[in-house]
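Asker: Protein sequences appear in the order of chains A and B.
With numbering that gives the first Met the number 0 as the guide, the letters of the first sequence map in order to residues 0 to 136.
With numbering that gives the first Met the number 0 as the guide, the letters of the second sequence map in order to residues 0 to 256.
Hint data in this document are derived by calculation from the structure and do not stem from the laboratory.
Possibly wrong hints are sitting among the right ones.
[Stated by the list, open to error] Label pairs and their computed distance ranges (CB to CB): (1) B:Gln252 x A:Asp82: 23 to 33 Å; (2) B:Ala63 x A:Phe30: 18 to 28 Å; (3) A:Lys67 x B:Thr58: 42 to 52 Å.
Just so you know, even glycine gets a beta-carbon here, dropped at the ideal spot from N, CA and C.
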Amino acid sequence: MKISGKGRIGVALAAAAGLATAAPALAHHSFAMYDNDHQLKLTGTVSHFQWTNPHVYIELENGDAGAKVKHWTIECANPGILDRVGWKFNMIKVGDKLTVVIAPLRTGEPGALLKQVTLPDGRVFTNGAPAGKALIQ
Amino acid sequence: MTIIRTCKAALAASAALALIGPAAPAFAAATIAGQPDISGAWGHAFPRPGQPADPRLNTGPLPAPPLKPDYMAGWNAMREKQKQADEKGEPTAGLEARCLPDGMPTLMFAIYPLEILQTPGRVTIIEEAFSQTRRIYLGEAQGKVGEVEPGYYGHSVGRWDGDTLVVDTLGIKDSVPGYRDIPHSDEEHITERIRLIDPDILEDRMTVEDPKVLEHPWSFRFVYKRLKGYHMLEYVCENNREYTDPNGGTHMQVGSP
Numbered sequence: 000m001k002i003s004g005k006g007r008i009g010v011a012l013a014a015a016a017g018l019a020t021a022a023p024a025l026a027h028h029s030f031a032m033y034d035n036d037h038q039l040k041l042t043g044t045v046s047h048f049q050w051t052n053p054h055v056y057i058e059l060e061n062g063d064a065g066a067k068v069k070h071w072t073i074e075c076a077n078p079g080i081l082d083r084v085g086w087k088f089n090m091i092k093v094g095d096k097l098t099v100v101i102a103p104l105r106t107g108e109p110g111a112l113l114k115q116v117t118l119p120d121g122r123v124f125t126n127g128a129p130a131g132k133a134l135i136q
Numbered sequence: 000m001t002i003i004r005t006c007k008a009a010l011a012a013s014a015a016l017a018l019i020g021p022a023a024p025a026f027a028a029a030t031i032a033g034q035p036d037i038s039g040a041w042g043h044a045f046p047r048p049g050q051p052a053d054p055r056l057n058t059g060p061l062p063a064p065p066l067k068p069d070y071m072a073g074w075n076a077m078r079e080k081q082k083q084a085d086e087k088g089e090p091t092a093g094l095e096a097r098c099l100p101d102g103m104p105t106l107m108f109a110i111y112p113l114e115i116l117q118t119p120g121r122v123t124i125i126e127e128a129f130s131q132t133r134r135i136y137l138g139e140a141q142g143k144v145g146e147v148e149p150g151y152y153g154h155s156v157g158r159w160d161g162d163t164l165v166v167d168t169l170g171i172k173d174s175v176p177g178y179r180d181i182p183h184s185d186e187e188h189i190t191e192r193i194r195l196i197d198p199d200i201l202e203d204r205m206t207v208e209d210p211k212v213l214e215h216p217w218s219f220r221f222v223y224k225r226l227k228g229y230h231m232l233e234y235v236c237e238n239n240r241e242y243t244d245p246n247g248g249t250h251m252q253v254g255s256p
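Working from the sequences, and respecting the hints, build out all of it.
Answerer: Dropping the structure here:
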């Protein structure tokens with residue numbers, strides 16, 4: 000796996016956050032909505048990308064054969080956190096083919112939290128420390 | 000290859016900073032005479048891969064909040080409810096899930112960077128999340144409990160005690176939870192002692208007093224590293240797709256915008 004230099008810092012950041020003695024509320028909300036233990040890896044085409052607070056969103060049309068869910072709403076961290084792990088506001092565009100690792104909503108709705116994204120050029124980015132690591136590759 | 004490229008870019012960036020470094024004072028805003036220079040961006044600094052954590056940034060364990068028995072029971076019950084809601088996958092919506100800032104004192108945890116501005120008669124602290132702004136009026140008298148208009152950040156006055164900025168805050172809104180979501184009363188009073196413990200390390204020793212709610216003052220500390228050259232980002236909470244159900248649980252809205 001190829002992971003960008005800044006992405007690696009993101010991983011270290013996640014490790015460091017685990018050691019923090021006093022980590023209060025996350026900047027926006029708890030991640031308990033997502034099923035971290037049943038992560039999915041899928042490939043799809045971006046139909047919408049929003050670089051906004053409190054979260055960045057990727058709308059992904061699932062291109063995998065036989066996929067039950069055709070459209071995923073994928074929540075990412077926010078521009079500040081993503082900047083610090085190497086993202087750029089314009090690095091994802093409508094029409095891009097992405098491979099993502101996601102933690103789906105526990106309700107079964109077609110929404111998820113991003114864990115890792117692979118861009119068309121092969122670069123891999125994490126979703127920053129609070130969102131946690133991809134458990135599958 | 001990407002790693003090497005990024006490292007090269009980082010080296011080039013440090014070289015560029017080194018070049019502009021010596022010239023910077025000529026353009027920098029003058030430090031206020033007699034005040035240590037605490038201006039600029041501050042935040043948690045995380046070790047690079049393979050590097051040990053900076054021991055200067057270790058805040059040590061957080062002492063348990065010395066809540067009076069009734070409040071302690073209420074706080075424990077709330078935390079149990081939060082735990083159950085998390086297990087159910089419907090976490091309790093805090094202020095942030097409603098796009099509201101965390102206010103004093105939690106903003107000083109600085110989940111995102113802080114920026115400090117020193118101007119005559121004032122120290123201003125901006126937290127990147129929600130662009131929260133605290134204004135600390137130097138040399139002004141503090142108001143009285145019950146007479147200060149309540150706000151998310153309270154009313155803060157400060158003075159320099161040698162190398163330490165001593166800040167006194169009261170008037171924090173009822174609806175703003177205390178640190179770690181403890182309750183507070185209108186008698187809550189926060190004292191901060193902010194000082195450089197190294198040229199690039201800033202410490203905030205915070206003491207929360209609240210005679211109605213706490214058995215005795217609750218003290219803890221935050222430590223920040225100077226983020227040289229960091230430019231604060233804007234934060235407008237414009238695209239909140241989380242919503243709260245009638246039971247206070249948080250959900251995510253799915254589907255194209």
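Asker: Indicate, hint by hint, whether the structure satisfies it.
Answerer: Cross-check of the supplied hints:
no.: 1; hint: B:Gln252 x A:Asp82: 23 to 33 Å; verdict: holds, 25 Å
no.: 2; hint: B:Ala63 x A:Phe30: 18 to 28 Å; verdict: holds, 25 Å
no.: 3; hint: A:Lys67 x B:Thr58: 42 to 52 Å; verdict: holds, 46 Å
Checked against the numbered hints given earlier, the structure satisfies every one of them.
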